[in-house]
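Protein chains in written order, with the working numbering: chain A, 1 to 220; chain B, 1 to 264.
No lab work stands behind these hints: they were computed from the structure.
All the pointers check out, no bait thrown in.
If you want the ones that stay clear, here's a sample from chain B, every Cβ over 12 Å from chain A, calculated: (1) Ser5; (2) Arg10; (3) Phe70; (4) Glu140.
These stretches of chain A come out as covered by chain B in the derived footprint (C-beta under 8 Å, 3 or more residues): (5) 114-123; (6) 136-148.
Estimated spans, in silico, between C-beta atoms of each pair: (7) A:Arg146 <-> B:Ala134: 30 to 38 Å; (8) B:Ser196 <-> A:Leu208: 53 to 61 Å; (9) B:Asp80 <-> A:Ile203: 46 to 54 Å; (10) B:Asp180 <-> A:Arg136: 31 to 39 Å; (11) A:Arg215 <-> B:Glu182: 35 to 43 Å; (12) A:Arg48 <-> B:Ser26: 29 to 37 Å; (13) B:Ala241 <-> A:Ala62: 57 to 65 Å; (14) B:Asp80 <-> A:Ala62: 30 to 38 Å; (15) A:Ile157 <-> B:Lys122: 37 to 45 Å.
C-beta: ideal position from N, C-alpha, C; glycine also.
The primary structure of each chain is shown beneath.
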Amino acid sequence: MYQWDFGILWSYRWLFLNGLGVTVGFTVVIVVLGLVFGLFGAFGSLSRFRAVRLLALTFIEAFRCTPILVQLIWFYYALPILAGVEMTPITASALALSLYGGSFYSEIIRGGIVSIDNGQSEAGAALGMTPGQAMRRIVLPQAIKRMIPALMNQSIIQFKNTSLVSVLAVPDLVYQSQVAAHDSYRPLETYTAVAVAYAAILIPLTILARRGEKRLAVGE
Amino acid sequence: MSETSKIEIRGLRKSFGSNEVLKTISLDVAKGGVVALIGPSGSGKSTLLRCINLLVVPDGGSVRVGDTRFSFGDGSKLPDVKTLAKFRATTGMVFQHFNLFPHMTTLQNVMEGPVTVRRMAKADAEKLARAQLAKVGLAEKADQYPATLSGGQKQRVAIARALAMEPDVMLFDEATSALDPELVGEVLAVIQRLASEGMTMVIVTHEIAFAREVADRLIFMRDGVVVEEGPARQVIDNPQAAATRAFLSHFHRTGALPPATTVS
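Whole structure, please, built from the sequences with the hints as guidance.
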């Protein structure tokens, strides 16, 4: 029977906290940047212009249909050779994760917009609104409510995907725990603690999101 | 007639793919006139109505409402979104399925056009919106959301929303077709009062008795063409074309309108 000893992890607390800080900070960056890419992808794929639609769809499918691990390695090793720009592991992984997340956000945002009955924007147009006004005043406020659960879900996946940046030696929680595990010869305790740390952050967030959803549903 | 007409449609054509929905339609509506468009489904009457405020952009012909005229087809440039929006602001439209904005209260629904499109100050827009809601008998529902209203109440809010733009013309697209029978009367009563106040209106409807009562002209369409047109009572009581007779035989053409008990 294995003898658990979590006490040994205490001496690595600063290492873990450091890693956790990087993980959380990284998540904030890739969620925000991902949403920006997602907005461009969504509105691009709904554009009146064929070329813009094509460009947006290429972006979405390229990042949605290739594994994130491959993208991370590709951005760090291949892109500098092709584009001639050196990137730090942090820049490369932030870019790859944001674009990857952005491709999924795009589809969520696009899906939310097209799910709103056409009669809504028609009613806006009949009042004399421009398509932009109808989008901002009528369609988006309704669409965002429908997008929120899926956006939240995708952001949770983004948070967990940050664990992959350890392959590029970005010192996130997983990377630091690898260091701790090698040093302490206690991988079971280390990775159990890491899993608990991820869950401890995400579970309260999901509860908050669920409450927010209920509040948004008022008036429907 | 075209000298004084408020709406003038000439040679209007529209196809969806290979399906020719409107085949060279012309139509005049006098200022203060009420025209009823009737016909079987697929006859093109809703498309014609949507061409009047250019929710559907025609392939050919011309549309004039008031002093604004648009020509289509044969190299004429399509109007840009700003021009279209400005034009549509002068025509009110009421839809079969109401299309109220579910995320706004009744009052906000009616204020939305004046605030967003006419750039009216909130306080003025609210005053206008409350007046319009009172006019359709729903002043006390101002702070409720559309989901809490009956179909007839929703449609009256939709009419108030359109009227808040103070339009020159009102277009009704089967405004009572989605309503339970007992709720039809309250909506028709509102439309009838608008007619008596001199609003220029085009009404797509299946309420033949109502059309006979309220419209001064009636147009019967089938397969994208106008089959018969004339004074409403005359066409309904004594249709000339065989197709008109066949269509009208499905309806009670006369008799009392449905009672409008809830509108005072």
